[in-house]
Amino acid sequence: EPEVTQTPSHQVTQMGQEVILRCVPISNHLYFYWYRQILGQKVEFLVSFYNNEISEKSEIFDDQFSVERPDGSNFTLKIRSTKLEDSAMYFCASSPAFSKHYEQYFGPGTRLTVT
Amino acid sequence: QKEVEQDPGPLSVPEGAIVSLNCTYSNSAFQYFMWYRQYSRKGPELLMYTYSSGNKEDGRFTAQVDKSSKYISLFIRDSQPSDSATYLCAMTFHGSSNTGKLIFGQGTTLQVKP
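Listed in order, the protein sequences are those of chains A and B.
According to my numbering, the first sequence is numbered sequentially starting from 1.
According to my numbering, the second sequence is numbered sequentially starting from 116.
Everything labelled a hint here was simulated from the structure, so no lab data went into it.
There's no promise every hint is true.
[Claimed, not checked] Below, simulated SDA-like cross-link-like pairs (lysine to any residue); rule was C-alpha separation at most 25 Å, straight line:
#, chain 1, residue 1, chain 2, residue 2
1, A, K100, B, A132
2, B, K185, B, I218
3, A, K83, A, N51
4, A, K42, B, T201
5, B, K185, B, L161
6, A, K57, B, Y164
7, B, K157, A, Q41
8, B, K117, A, L30
9, B, K185, B, E120
10, A, K42, B, S197
11, A, K83, A, D62
12, A, K57, A, E1
13, A, K42, B, I218
14, A, K100, B, N137
15, B, K185, B, Q146
16, A, K57, B, K117
17, A, K100, B, V227
18, B, K228, B, Q146
19, B, K157, A, V24
20, A, K42, B, P229
21, A, K57, B, E118
22, B, K157, B, P229
23, A, K100, B, S127
24, B, K157, A, S9
25, B, K157, A, I79
26, A, K100, B, S197
27, A, K83, B, S167
28, A, K100, B, P229
29, A, K100, B, R175
30, A, K100, A, N51
31, A, K100, A, Q11
32, B, K182, A, N51
33, B, K157, A, N51
34, A, K57, B, K228
What you are looking at is a predicted structure, and each value in this text was computed from that prediction instead of being measured.
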């Protein structure tokens, strides 16, 4: 069964460093998303992406964040200058078509630890 | 008032029990209602989704939506120890206002004891 994959599974970085989190969505999906989950808190929406453009971003997704689909298979989240409060699980998700935004499939997540 | 509220539990039941998990919400514009299961330190796994009001059944799982009360439920029949996980409700909009943003509840931690 196709699944969303994410690398790395765990990333440790120092405050102020740039990190890139990578995702490979399900191959025939058209819509891509990033969410984060701070330990013990809700899963929070960061950004949705379609046709090489951001569809919506949350207030969390400030100028330090960017997303890119550099080729036909990868979807990346970049944090330019990490802060301690960026420590969280980051989940990538994808869905097959506009009518199926409600059918989002999540990857296993990348645990980001900022020290 | 929070957009989506869900009792975090934990909820502990014996194997074979019927489990009822619930969420309330405040935004009447929500039209799609999803239930995800999340095992510890894993990604959310989509269990079921429902459009607008009504019931939907899938095996041992039944999802109910009552839009008049802004209340959704997930019932698990004949619960198994393997059902032990955190259950997340999530909601989103329909049509042109739907950009894919899911709004999640806190999640309810369920433990099914053998």
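Hints, verified against the model:
1. About 33 Å separates the Cα atoms of K100(A) and A132(B), which puts this hinted pair outside 25 Å; it is violated.
2. Only pairs whose Cα atoms come within 25 Å are accepted, and K185(B) paired with I218(B) is accepted, the gap being roughly 14 Å.
3. In summary, the hint linking K83(A) to N51(A) is not supported, as the alpha carbons are separated by about 30 Å, beyond the 25 Å threshold.
4. Between K42(A) and T201(B), the direct Cα distance comes to roughly 11 Å. Compliance with the 25 Å bound is thereby established for this hinted pair.
5. With a C-alpha separation of about 21 Å, the suggested pair K185(B) and L161(B) falls inside the 25 Å cut-off, and the hint holds.
6. Taking the CA atoms of K57(A) and Y164(B), the gap is near 23 Å; set against the 25 Å cutoff, the hint holds.
7. Straight-line distance between C-alpha atoms of K157(B) and Q41(A) comes to about 14 Å, which keeps the hinted pair within the 25 Å bound.
8. With a C-alpha separation of about 31 Å, the suggested pairing of K117(B) with L30(A) is violated against the 25 Å cut-off.
9. With a C-alpha separation of about 11 Å, the suggested pair K185(B) and E120(B) falls inside the 25 Å cut-off, and the hint holds.
10. Annotation: proposed proximity of K42(A) to S197(B) holds, straight-line Cα distance about 23 Å (limit 25 Å).
11. A C-alpha spacing of about 12 Å is found between K83(A) and D62(A), which places the hinted pair at or below 25 Å, so the restraint holds.
12. A hinted pair counts as satisfied when its Cα atoms are at most 25 Å apart, and K57(A) with E1(A) does not qualify at roughly 30 Å.
13. A threshold of 25 Å between alpha carbons decides the hint, and for K42(A) with I218(B) the separation of about 9 Å falls inside it, so the pair holds.
14. At most 25 Å may separate the alpha-carbon atoms for a hinted pair to count; K100(A) and N137(B) meet this at roughly 23 Å.
15. This hinted pair checks out: K185(B) and Q146(B) have alpha carbons roughly 11 Å apart, not beyond 25 Å.
16. At roughly 19 Å between alpha-carbon atoms, K57(A) and K117(B) fall within 25 Å of each other, so this suggested pair holds.
17. Proposed proximity of K100(A) and V227(B) is contradicted: the alpha carbons are some 32 Å apart, above 25 Å.
18. Restraint check for K228(B) and Q146(B): not satisfied, since their Cα atoms lie roughly 35 Å apart, outside the 25 Å limit.
19. With a C-alpha separation of about 16 Å, the suggested pairing of K157(B) with V24(A) holds against the 25 Å cut-off.
20. Restraint check for K42(A) and P229(B): not satisfied, since their Cα atoms lie roughly 29 Å apart, outside the 25 Å limit.
21. For the hint pairing K57(A) with E118(B), the CA-to-CA distance comes to about 17 Å; that is within 25 Å, so the pair holds.
22. Proposed proximity of K157(B) and P229(B) is supported: the alpha carbons are some 23 Å apart, at most 25 Å.
23. For the given pair, K100(A) sits about 33 Å from S127(B) by alpha-carbon distance, which is inconsistent with the 25 Å threshold.
24. A threshold of 25 Å between alpha carbons decides the hint, and for K157(B) with S9(A) the separation of about 10 Å falls inside it, so the pair holds.
25. For the suggested pair K157(B) and I79(A), the alpha carbons sit about 22 Å apart, so the restraint of at most 25 Å is met.
26. A hinted pair counts as satisfied when its Cα atoms are at most 25 Å apart, and K100(A) with S197(B) does not qualify at roughly 28 Å.
27. Distance hint between K83(A) and S167(B) is unfulfilled; the C-alpha atoms sit about 40 Å from each other, more than 25 Å.
28. Taking the CA atoms of K100(A) and P229(B), the gap is near 37 Å; set against the 25 Å cutoff, the hint is violated.
29. With a C-alpha separation of about 24 Å, the suggested pairing of K100(A) with R175(B) holds against the 25 Å cut-off.
30. Taking the CA atoms of K100(A) and N51(A), the gap is about 15 Å. The hint holds against a cut of 25 Å.
31. Distance check on the hinted pair: K100(A) and Q11(A) sit about 31 Å apart at the alpha-carbon level, beyond 25 Å; violated.
32. With a C-alpha separation of about 33 Å, the suggested pair K182(B) and N51(A) falls outside the 25 Å cut-off, and the hint is violated.
33. Taken as a hint, the K157(B) and N51(A) pair is broken in the structure, with Cα atoms around 28 Å apart against an allowance of 25 Å.
34. Restraint check for K57(A) and K228(B): not satisfied, since their Cα atoms lie roughly 41 Å apart, outside the 25 Å limit.
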